Amino acid sequence: KQEVTQIPAALSVPEGENLVLNCSFTDSAIYNLQWFRQDPGKGLTSLLLIQSSQREQTSGRLNASLDKSSGRSTLYIAASQPGDSATYLCAGTESYNTDKLIFGTGTRLQVFP
Amino acid sequence: DVKVTQSSRYLVKRTGEKVFLECVQDMDHENMFWYRQDPGLGLRLIYFSYDVKMKEKGDIPEGYSVSREKKERFSLILESASTNQTSMYLCATQETGGFYEQYFGPGTRLTVT
Chain A
-14 KQEVTQIPAA LSVPEGENLV LNCSFTDSAI YNLQWFRQDP GKGLTSLLLI
36 QSSQREQTSG RLNASLDKSS GRSTLYIAAS QPGDSATYLC AGTESYNTDK
86 LIFGTGTRLQ VFP
Chain B
1241 DVKVTQSSRY LVKRTGEKVF LECVQDMDHE NMFWYRQDPG LGLRLIYFSY
1291 DVKMKEKGDI PEGYSVSREK KERFSLILES ASTNQTSMYL CATQETGGFY
1341 EQYFGPGTRL TVT
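Same order as they appear, the protein sequences are chains A and B.
Just so we're aligned: 56 in this note's numbering is position 71 of the first sequence, and the numbers increase by one with no gaps anywhere.
To convert, take the position in the second sequence, counting from 1, and add 1240; that gives this note's numbering.
These aren't lab readings, by the way, just hints derived from the structure by calculation.
Possibly wrong hints are sitting among the right ones.
Claimed, not checked - Below are the EDC-like pairs computed for lysine to aspartate or glutamate, each with C-alpha atoms no more than 16 Å apart in a straight line: (1) LYS(-14)(A) x GLU1341(B); (2) LYS(-14)(A) x ASP1299(B); (3) LYS1243(B) x GLU1341(B); (4) LYS1311(B) x GLU1257(B); (5) LYS85(A) x GLU1262(B).
Stated by the list, open to error - Distance windows between CB atoms, simulated: (6) GLN66(A) x PRO1301(B): 38 to 44 Å; (7) GLU0(A) x LYS1311(B): 32 to 38 Å; (8) THR1326(B) x ALA64(A): 38 to 44 Å.
Please read these numbers as outputs of a predicted model, since none were measured by experiment.
Even for Gly, the Cβ is constructed at its ideal location relative to N, Cα and C.
Next up, chain A with everything else stripped away, as it sits in the complex:
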């Protein structure tokens, strides 16, 4: 059964630091990968989607990459801000013909001024 690990589970950093959040799948056969953020008590907000033919996506200060050979994804946050404080979740699909996402348990990020 596919399991998703996110490391670290929690992170507290001063404003301005560059951050790397990690996501790894026990079965490296991952086809599509989506990163989300979740604020306390709220729903998920989509950040980046890496489709099966892609290896990387960028949006503003965020960059996500997917290494399919190892089943690992990295979310890079540049110049972190207090507004980036949230839980970050990765989720992937196991095949081309499914829309079902398998979620990691998240990294809780706090950026302090």
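Starting from the known structure of chain A, fit chain B onto it as the hints suggest.
Coordinates of chain B only, in the frame set by chain A:
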């Protein structure tokens, strides 16, 4: 922008009651999903629907049913609520024809007493 709304942000019900959670989207997406989110367990898929009147079981369908009579609306039904169904319930939608982003609603925090 995709808008996904859920009927209630907070709900308190008694054991044995029949509970309806509703999700409405305004983007004409074919796919709709119901998840529950619990501390330490992450997001788990309950049911999903890929068209009107079509549904498939997710990973934890026991104790739940769903209804999709119109494309924009997907309802989750707890036939007889139990305390172990106390959770955060999240609805998501997705376009088909390839893999596209899943968009989430704000969530319903359900407490069963």
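Quick rundown of the hints versus the structure:
1. LYS(-14)(A) x GLU1341(B): Violated. LYS(-14)(A) to GLU1341(B) sits at ~23 Å, over the 16 Å cutoff.
2. LYS(-14)(A) x ASP1299(B): Roughly 12 Å between the alpha carbons, so the hint for LYS(-14)(A) and ASP1299(B) holds.
3. LYS1243(B) x GLU1341(B): holds, 13 Å
4. LYS1311(B) x GLU1257(B): This hinted pair is violated, its Cα atoms lying about 27 Å apart.
5. LYS85(A) x GLU1262(B): violated, 20 Å
6. GLN66(A) x PRO1301(B): 38 to 44 Å: Hint holds: Cβ distance 40 Å, inside 38 to 44 Å.
7. GLU0(A) x LYS1311(B): 32 to 38 Å: At 44 Å between Cβs, range violated.
8. THR1326(B) x ALA64(A): 38 to 44 Å: The hinted range 38 to 44 Å holds for THR1326(B) and ALA64(A), with Cβ atoms some 40 Å apart.
The structure fails to meet hints 1, 4, 5 and 7 from the earlier list, while all remaining hints are met.
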